[in-house]
Every structure is written in C-alpha cells, then in structure tokens.
Amino acid sequence: MIKEPLQEPSLQLLRSGDRTEIARLVDGHSLNIYRLALKMLANPQDAEDVLQNTFLKAIQALPTFEGRSSLATWLYRIAVNEALMIIRKQKPEIELDLQSEDTDETPALTQFTDWCCLPEWELVSAEAKNHFDKAIQQLSEKLRVVFILRDIEGLSIHETSTALDLTETTVKTRLLRARLKLRELLSVYYEERLDMEKSDEKIS
Amino acid sequence: MKKSHNCGSLLESLSDYVDGELGDALCEEIERHMADCDNCRIVVDTFKKTISLYQETSEKTTIPIGVRERLFHRLDLDDFIQKEN
Ligand SMILES: [Zn+2]
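Which chain is which? The protein sequence lines are A and B, in order. First residue of the first sequence: 1, per full-length UniProt numbering; consecutive thereafter. First residue of the second sequence: 1, per full-length UniProt numbering; consecutive thereafter.
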C-alpha cells in the first residue's frame, strides 16, 4: 500500500488554495514523484521537469479533484502522463498508448544461476546499481511503469490499476513480464561476477 | 528444467507466490516441487531477490536540495522553502 505522510493534507484546505497545505502536499509526495520520474526517464533533468509539471498541474486541478482515488494515486497518474509526454517527444517512433494491447511476450526462463549467495556488497555495489538502472530501461515503457509503481513505489495491484487506468489482470500480466525480464538481466550480470570470483579463487 | 507439470505452471504462479497471494494448497505444491527441482528453486529465489534489490536500493533515493528549492520556486511557494521542522 502507498505510505501516506503522517497526516494527509486536508482536501478542503487544498481545494480552497491554502498555501501552507499545498506546501505540505508537495513535501509529502515530491520524493515519490521524483523517484518515479527518475526511474521512468533515467535523466535527472527530465525527472525534475516531470516533478515541477506534475505539481503545477495538480495545484491547478485541485479545485476539481473529486477524491475518488487517493491524492497519492492521483499525483502518480499525472506524473506518469507527464513522463510519457517527454518520452513521446524524444522517441516519436514508439507506440506509447498504455491501454493498447500488449506486444511484449512472457520472457522464457533461460538463466538458472543461483547468485543469491553473492556477498551483499557485491549485490549492491555501485556497478550493480548502475546495472539495475540499465536493466529497467530495457523494459518497454508499458512494463516499466507497472514495475515502478508496484515494486518500487509499493502500490497495490489495485492502486496501480487505478493510477494507470488498466484492469488488474493487465497490471498482473505486465508485472510478471517485467519481473521475469529483470531477473534474467540481473542473472546475466551476476553470473559474470560469480565466474570472476571463481577464477580469482583459482589464481590464489 | 526437467519437464514436469509443476515446472511449467510455476511461471504463471510466480508473482502470486512471492506476493503471498496464492492459496495454501498451491503454495505447498510449489514448495514440494522446489525441494526436488533445483532450477525452480533458483528461479524463485532469484526472482524474489531481484524485486527486493530494486526495493532496497530505491529506498535510498533522496531529493537533492536544489531540486526541492527550484520546485518550490516554480510553484510560487518560496516562503515555504525553509522547512518548519
Ligand atoms: Zn521445476
């Protein structure tokens, strides 16, 4: 579930344009929006644009926000659209309709190396983290956004489906594909690390 | 992976299994199978680990001070840049 800030800002105050309350809303949710944008776009400048535009649009739209979803889900929804707009500008050739039929297939299992035993420092080394970011960029936008909302931002399947206007079944299918693909990509990377460790042992 | 009914059906249940959304009977079936099938055990372990690594490392993301300041400025909230607490 989404972790809400300790005290959610009052909708009534927000709608009336109370600036203190708006500042609380921004501070309570900006990290989540910024992180979503960073993972989606892999570019700090673009992420900052998404962050600013999301809150600009949200503040404008607050008077008409009906509260049918939580504020957090609503903000994620605006941010996803902002991020997709940037991607469309940068890569006009790719089809970016989240609601369109899936073209991704369920990745086959090809990696069976057990890398869980690698030491923690190696699992989360700077190089490994760099590899995580690259791997996530290899997912199609449709899969990437589902993985980010569900597994990185911690939304439930239901919240993810609300934020993206998708059925829960579609969210689940895309989530599985994203997770499988990332597992494959991480396995390839860690297998190399394991091989290097083995050859080091032989030398010493 | 050795071809048995369970290896194939594991794939579909993988997400539900690691999210704890699979019924007890199916969970037990998967666990019994994993005890005998190394490949499936590895897939489940590395699948779980992949998700938790992304979670762990993403939790450490912070907003650079400059990003927050420019955001507040853009929103005409300059007087709130100084945090109360
Ligand atoms: Zn098996």
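Because the hints were derived from the structure by calculation, they are not lab data. In this text the structure is predicted, and so the values were computed from the model without any measurement. Mixed in with the good hints, there may be bad ones.
[Stated by the list, open to error] Taking lysine-lysine pairs in the DSBU-like style, the calculated list, with each CA pair at most 35 Å apart, reads:
#1 B:48 <-> A:202
#2 A:134 <-> B:48
#3 B:49 <-> A:198
#4 B:48 <-> A:172
#5 A:91 <-> B:60
#6 B:83 <-> A:91
#7 A:202 <-> A:89
#8 A:202 <-> A:172
#9 A:172 <-> B:83
#10 B:49 <-> A:202
#11 A:91 <-> B:49
#12 A:129 <-> B:83
#13 B:83 <-> A:202
#14 A:172 <-> B:49
#15 A:198 <-> B:83
#16 B:49 <-> A:134
#17 A:129 <-> B:60
[Claimed, not checked] Computed, partial: chain B to chain A, Cβ under 7 Å:
#18 13
#19 39
#20 46
#21 47
#22 61
#23 63
#24 65
#25 67
#26 71
#27 73
#28 75
[Stated by the list, open to error] Beta-carbon label-pair distances, calculated as ranges:
#29 B:69 <-> A:125: 29 to 37 Å
#30 A:194 <-> B:70: 22 to 30 Å
#31 B:79 <-> A:91: 33 to 41 Å
#32 A:196 <-> B:69: 38 to 46 Å
Every residue gets a Cβ at the ideal spot worked out from N, C-alpha and C, and that includes glycine.
Practice item. Can you let me know if the beta-carbon spacing of residue 194 of chain A and residue 70 of chain B is within 22 to 30 Å? Key: violated, 43 Å
Point to revise | Holds or violated: residue 49 of chain B to residue 134 of chain A, with C-alpha atoms at most 35 Å apart | key: holds, 17 Å
Practice item. Take a quick look at whether residue 48 of chain B and residue 172 of chain A sit within 35 Å of each other, Cα to Cα. Key: OK: residue 48 of chain B and residue 172 of chain A at ~16 Å, within 35 Å.
Check your understanding: Taken at face value, is the distance from the CA of residue 83 of chain B to the CA of residue 129 of chain A at most 35 Å?
Key -> Roughly 31 Å separates the two Cα atoms, so the pair holds.
**Study point:** Hint check: 7 Å Cβ-Cβ cutoff, residue 65 of chain B to chain A
**Key:** violated, 12 Å
Point to revise | Agreement of residue 48 of chain B and residue 202 of chain A with the hint, judged by alpha carbon distance not exceeding 35 Å | key: holds, 31 Å
**Study point:** Hinted pair residue 83 of chain B and residue 91 of chain A, Cα distance within 35 Å
**Key:** violated, 39 Å
Practice item. With a cut-off of 35 Å on the C-alpha distance, tell me whether residue 202 of chain A and residue 172 of chain A pass. Key: violated, 44 Å
Point to revise | Restraint satisfaction for residue 63 of chain B [CB to CB of chain A, less than 7 Å] | key: holds, 5 Å
Point to revise | When the least beta-carbon distance from residue 13 of chain B to chain A is tested against 7 Å, hint result | key: At about 10 Å, which exceeds the 7 Å cut-off, the nearest Cβ of chain A leaves the hint on residue 13 of chain B violated.
Practice item. Please work out if residue 172 of chain A and residue 83 of chain B have their alpha carbons no farther apart than 35 Å. Key: violated, 39 Å
Practice item. Measure nothing beyond the straight line between the CA atoms of residue 129 of chain A and residue 60 of chain B; if it is 35 Å or shorter, mark the hint as holding. Key: It holds: about 12 Å lies between the C-alpha atoms, which stays within 35 Å.
Violated hints for the displayed structure, listed by number in ascending order: 6, 7, 8, 9, 13, 15, 18, 24, 27 and 30.
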